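Peer 1: Take a look at the letters that make up each chain.
There are 2 protein chains.
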Amino acid sequence: MSESGGEARVEPRRLKGFRDITAAELRARNWIITRIREVYERYGFVPLETPTLEYVDVLGKFLPDADTPEGGIFALRDEDQNWIALRYDLTAPLSRFVAMNPDLPLPYRRYQVGPVYRVEKPGPGRFREFYQFDFDSVGTASMLADAEVCMVACDTLEALAIPRGAYLVRVNNRKVLNGVLEVLGGGRPVPAETARAILRSIDKLDRVGLDGVKLLLGPGRRDESGDFTPGAGLASEQVDVVLRYLAISPDDRRKVLEETHRLVGDTDVGCQGVEELARIDEALVSAGYQADRVSFDPTVVRGLTYYTGPVFEAVLTFGVQEEDGITRQFGSVFGGGRYDDLVARFTRQRVPATGASIGVDRLLAALLALGKLQKGPATAKVLVTRLDDRYNAEYQKMAVELRSAGLNTELYVGTQGVGKQFKYASSTGKVVAVVVGEDEMKSSQVSIKDLRLGEAVSKELGQDRKAWLEQQPAQVTVPRGEMVRKVREILARYSIG
Amino acid sequence: MSESGGEARVEPRRLKGFRDITAAELRARNWIITRIREVYERYGFVPLETPTLEYVDVLGKFLPDADTPEGGIFALRDEDQNWIALRYDLTAPLSRFVAMNPDLPLPYRRYQVGPVYRVEKPGPGRFREFYQFDFDSVGTASMLADAEVCMVACDTLEALAIPRGAYLVRVNNRKVLNGVLEVLGGGRPVPAETARAILRSIDKLDRVGLDGVKLLLGPGRRDESGDFTPGAGLASEQVDVVLRYLAISPDDRRKVLEETHRLVGDTDVGCQGVEELARIDEALVSAGYQADRVSFDPTVVRGLTYYTGPVFEAVLTFGVQEEDGITRQFGSVFGGGRYDDLVARFTRQRVPATGASIGVDRLLAALLALGKLQKGPATAKVLVTRLDDRYNAEYQKMAVELRSAGLNTELYVGTQGVGKQFKYASSTGKVVAVVVGEDEMKSSQVSIKDLRLGEAVSKELGQDRKAWLEQQPAQVTVPRGEMVRKVREILARYSIG
Numbered sequence: 448m449s450e451s452g453g454e455a456r457v458e459p460r461r462l463k464g465f466r467d468i469t470a471a472e473l474r475a476r477n478w479i480i481t482r483i484r485e486v487y488e489r490y491g492f493v494p495l496e497t498p499t500l501e502y503v504d505v506l507g508k509f510l511p512d513a514d515t516p517e518g519g520i521f522a523l524r525d526e527d528q529n530w531i532a533l534r535y536d537l538t539a540p541l542s543r544f545v546a547m548n549p550d551l552p553l554p555y556r557r558y559q560v561g562p563v564y565r566v567e568k569p570g571p572g573r574f575r576e577f578y579q580f581d582f583d584s585v586g587t588a589s590m591l592a593d594a595e596v597c598m599v600a601c602d603t604l605e606a607l608a609i610p611r612g613a614y615l616v617r618v619n620n621r622k623v624l625n626g627v628l629e630v631l632g633g634g635r636p637v638p639a640e641t642a643r644a645i646l647r648s649i650d651k652l653d654r655v656g657l658d659g660v661k662l663l664l665g666p667g668r669r670d671e672s673g674d675f676t677p678g679a680g681l682a683s684e685q686v687d688v689v690l691r692y693l694a695i696s697p698d699d700r701r702k703v704l705e706e707t708h709r710l711v712g713d714t715d716v717g718c719q720g721v722e723e724l725a726r727i728d729e730a731l732v733s734a735g736y737q738a739d740r741v742s743f744d745p746t747v748v749r750g751l752t753y754y755t756g757p758v759f760e761a762v763l764t765f766g767v768q769e770e771d772g773i774t775r776q777f778g779s780v781f782g783g784g785r786y787d788d789l790v791a792r793f794t795r796q797r798v799p800a801t802g803a804s805i806g807v808d809r810l811l812a813a814l815l816a817l818g819k820l821q822k823g824p825a826t827a828k829v830l831v832t833r834l835d836d837r838y839n840a841e842y843q844k845m846a847v848e849l850r851s852a853g854l855n856t857e858l859y860v861g862t863q864g865v866g867k868q869f870k871y872a873s874s875t876g877k878v879v880a881v882v883v884g885e886d887e888m889k890s891s892q893v894s895i896k897d898l899r900l901g902e903a904v905s906k907e908l909g910q911d912r913k914a915w916l917e918q919q920p921a922q923v924t925v926p927r928g929e930m931v932r933k934v935r936e937i938l939a940r941y942s943i944g
Numbered sequence: 448m449s450e451s452g453g454e455a456r457v458e459p460r461r462l463k464g465f466r467d468i469t470a471a472e473l474r475a476r477n478w479i480i481t482r483i484r485e486v487y488e489r490y491g492f493v494p495l496e497t498p499t500l501e502y503v504d505v506l507g508k509f510l511p512d513a514d515t516p517e518g519g520i521f522a523l524r525d526e527d528q529n530w531i532a533l534r535y536d537l538t539a540p541l542s543r544f545v546a547m548n549p550d551l552p553l554p555y556r557r558y559q560v561g562p563v564y565r566v567e568k569p570g571p572g573r574f575r576e577f578y579q580f581d582f583d584s585v586g587t588a589s590m591l592a593d594a595e596v597c598m599v600a601c602d603t604l605e606a607l608a609i610p611r612g613a614y615l616v617r618v619n620n621r622k623v624l625n626g627v628l629e630v631l632g633g634g635r636p637v638p639a640e641t642a643r644a645i646l647r648s649i650d651k652l653d654r655v656g657l658d659g660v661k662l663l664l665g666p667g668r669r670d671e672s673g674d675f676t677p678g679a680g681l682a683s684e685q686v687d688v689v690l691r692y693l694a695i696s697p698d699d700r701r702k703v704l705e706e707t708h709r710l711v712g713d714t715d716v717g718c719q720g721v722e723e724l725a726r727i728d729e730a731l732v733s734a735g736y737q738a739d740r741v742s743f744d745p746t747v748v749r750g751l752t753y754y755t756g757p758v759f760e761a762v763l764t765f766g767v768q769e770e771d772g773i774t775r776q777f778g779s780v781f782g783g784g785r786y787d788d789l790v791a792r793f794t795r796q797r798v799p800a801t802g803a804s805i806g807v808d809r810l811l812a813a814l815l816a817l818g819k820l821q822k823g824p825a826t827a828k829v830l831v832t833r834l835d836d837r838y839n840a841e842y843q844k845m846a847v848e849l850r851s852a853g854l855n856t857e858l859y860v861g862t863q864g865v866g867k868q869f870k871y872a873s874s875t876g877k878v879v880a881v882v883v884g885e886d887e888m889k890s891s892q893v894s895i896k897d898l899r900l901g902e903a904v905s906k907e908l909g910q911d912r913k914a915w916l917e918q919q920p921a922q923v924t925v926p927r928g929e930m931v932r933k934v935r936e937i938l939a940r941y942s943i944g
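Chains R and Z, in that order, give the protein sequences.
If you read the first sequence in our numbering, its first letter stands for residue 448, the second for the next number, and so on.
If you read the second sequence in our numbering, its first letter stands for residue 448, the second for the next number, and so on.
Each hint should be verified, as a subset may be incorrect.
[To be verified] Beta-carbon label-pair distances, calculated as ranges: (1) Z:Glu640 / R:Pro549: 50 to 56 Å; (2) Z:Asp771 / R:Pro549: 37 to 43 Å; (3) R:Ile943 / Z:Lys867: 50 to 56 Å; (4) Z:Glu640 / R:Gly750: 56 to 62 Å; (5) R:Gly750 / Z:Asp836: 30 to 36 Å.
[What the hints assert, rightly or not] Simulated pairs of lysine to aspartate or glutamate, DMTMM-like, Cα-Cα distance not exceeding 25 Å: (6) Z:Lys702 / R:Asp836; (7) Z:Lys463 / R:Glu526; (8) Z:Lys508 / R:Asp467; (9) Z:Lys870 / R:Asp550; (10) R:Lys702 / Z:Glu841; (11) Z:Lys508 / R:Glu576; (12) R:Lys844 / Z:Asp739; (13) Z:Lys508 / R:Glu454; (14) Z:Lys844 / R:Asp602; (15) Z:Lys844 / R:Asp699; (16) Z:Lys844 / R:Glu605; (17) R:Lys844 / Z:Glu729; (18) R:Lys702 / Z:Asp836; (19) R:Lys844 / Z:Glu472; (20) Z:Lys844 / R:Asp698; (21) R:Lys508 / Z:Asp525; (22) Z:Lys844 / R:Glu729; (23) R:Lys819 / R:Asp504; (24) R:Lys463 / Z:Asp525; (25) R:Lys508 / Z:Glu526; (26) R:Lys508 / Z:Glu576; (27) Z:Lys508 / R:Glu526; (28) Z:Lys568 / R:Asp527; (29) R:Lys508 / Z:Glu454; (30) R:Lys870 / Z:Asp550; (31) R:Lys508 / Z:Asp467; (32) Z:Lys568 / R:Asp504; (33) Z:Lys508 / R:Asp525; (34) R:Lys568 / Z:Asp504; (35) Z:Lys867 / R:Glu472; (36) R:Lys508 / Z:Glu458; (37) R:Lys463 / Z:Asp658; (38) Z:Lys463 / R:Asp504; (39) R:Lys844 / Z:Glu458.
The hints are simulated quantities; they were obtained by calculation from the structure and are not laboratory data.
Quick caveat, the model's predicted, so the values are computed rather than measured.
Ideal Cβ positions, reconstructed from N, Cα and C, are used throughout, including at glycine.
Let the hints inform the model, and build the full structure from the sequences given.
Peer 2: What follows is the structure in structure tokens.
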């Protein structure tokens, strides 16, 4: 009946850029998602889940980097030959959902967590399937919603045990950037092509430094490898305007606003941007979020082309030692912005919206590297071993009894001997093994083995191990009725159960 | 900067067979998943997450119904022109994972929850993306593992508040079925084609009744609509063997074993199947799972071709009224079996395995229809309204204070008047609205409105509403310092908070 009968052997392999995630990391991710959800719920956001697959035109083409292979998405044709694709973010599907539900009470405030898919060049910490956890307010132009994005970002990171001072939410406004562009355009908007090139240049500040940005804004830049990136082609006095803007120090929010205002003061769009940031500042001050948590930072661009106003990101301000031993800054774990035109793609009516997304896997990597992660639900710490199949009924009853007492318990269902069973117990993280052989059966007793004590002993004592073991029993034999109590007692040694 | 500028309007639409799942249902699903996870953990299963996408040959072709459109899967080519596809179950990826990790301690006992994808004809309650929650023991041939599958199924359904007696786990063994086939083949295996046709016929018992199965085993059957299904072509004495087998009553496990043994007694495979079921019975008796929870049922086949031994399903034994008003049996919510050859597709070495899968969405539909569902995490029940933007700082502080007190609270961030805000509060499930206007600001007070009381009053009293409201204030005004206490008091009326 088996499909494989006589067929060619299949090579077991995984797609590149994808991974199998095992117990410890999954428990950690589950813990993170639960904490984030609690914060989002605290602010009144409610859950939504949209499909993994959508029509390609519904998703639109908003990927941060347009020159990824295959347009950056996993696309296929459905049975009617329409192009469909795996979602690459959770914002495009949200816009589609809002457009399809005109009777939704607005503002619609939802969160969504799940994997998204991008055809990117895989690399360390860079996967083609990764988790995002978004929250958005759709249907309001109020800057209170944008201020709330910053507050939620702070609360979320603190709920994940990242202390104040170890993260920073950085805010800018696309309208301010457009104001700067208008200034250097001599009061007129610069061509869209040039505008994009300028924003891309600023976005590279972290990587290429101020001198690098200067080259990218002007004639272009050749990197160490010899590759040449063409510049935005600005004249040097235009480059100076941008550099003056980037030089504004983000330490004091009111001061950033004053200096920015001075720079863009002549332009309507710039003024509007400064005004919006002022509203955000007010709300943050009222709620008690000072510049040590939320700064206004002229260097923040955020890649997505659909942002229309405030943009946000949160960075971790400490370094983390990576696999190759080099300490790196973790960079952005949280990003978002206002996107007032995204629903209008479907409805032709402007539905202002703002929100942000947490890169769950990135945050998970950071917290794991920091050793900051609490554990998820407890795994079974008790193994009921099987010495003799004649006693299977008894083993079964013991496992049921331990589980009924609230102790997660595995009954060994394999077919190997007791020595291998102890090894299995240790390698799957068990702390206690329950053992019943002929002696115990006859005397209605149970032997209970502390697997960690055994381990510690065997490492510490070397030669003297045997003598020590005789004195300090890692294994005790108790009456059958005492089993649960004794198992609990051993688990308590390790603060478990 | 916007992508949509000047482009054609995109029609907001969803793929057929896919859906958007909103807050109430998601909270319910989250509750279900948490309960199931607790049971799986109680038995020592640990989490695993494999990718959504796999190579097509790795997944294999094991779909229950081969004549689904497009082979039943969502497939595409990756950038190297290899065929890849969205997983259609969680078992094929598990087998691939085990084959890729030869050093895994065995038995490897994992659970996995997530969506799977099938190109099926969409219908009521039938979707192309749906959640499964699997658990499996890989690397053991012991029937203790199979007995455990039954126990876990019972414990899971009871953890979901489905009482004993309202569900039944039904067990059969493919080896017994093969024994029956050998008997009617006169001691020799029947051709694979015929065997499949016979199993398919038995599998349709629920739908076509015993007379229908009789026709399907013999010459074929014409249904009410006039469609003809060709039969397995058995002679009438062969049909009788199958019918005698199907007539064995599943009430008493030992009796089923005796009668089955009598029927298949001559065949090795049949005897082996009976012997395996006897081991399962022993384990279940030891653990206290009697025939009111787990029955041996000759009519159980389970579709998947890869099963090699015991097969399981759990059915809900009560009817549920569906949208069209007709009460229907819910049928199988849980299915599985032993599949000893699945890892060997990759390794050429037999790795015996057994497990089962819960259809989360089906169970969710059943529990929702029953009104049996507890709620997930509490949504925000408090809305801080905004009467006057001059007081935004105060509104912000009030929201922060309520949240700090542990009350999930939404600050209204929209731009409409207070009447619309109350409507918004009710339609998003809020119970309390906090109101501060000029009067309250001047007197350092807060007005607090019980939104449910208001609703009840307006419905009950009709004309007398105004007079009643004056006596029984659904809205009270208290000093600012009393806000949290008063909000809590109102929430307590509805057992919230």
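Peer 1: Would you pick out the hints that fail for this structure and give their numbers low to high?
Peer 2: 2, 19, 23, 35, 37, 39
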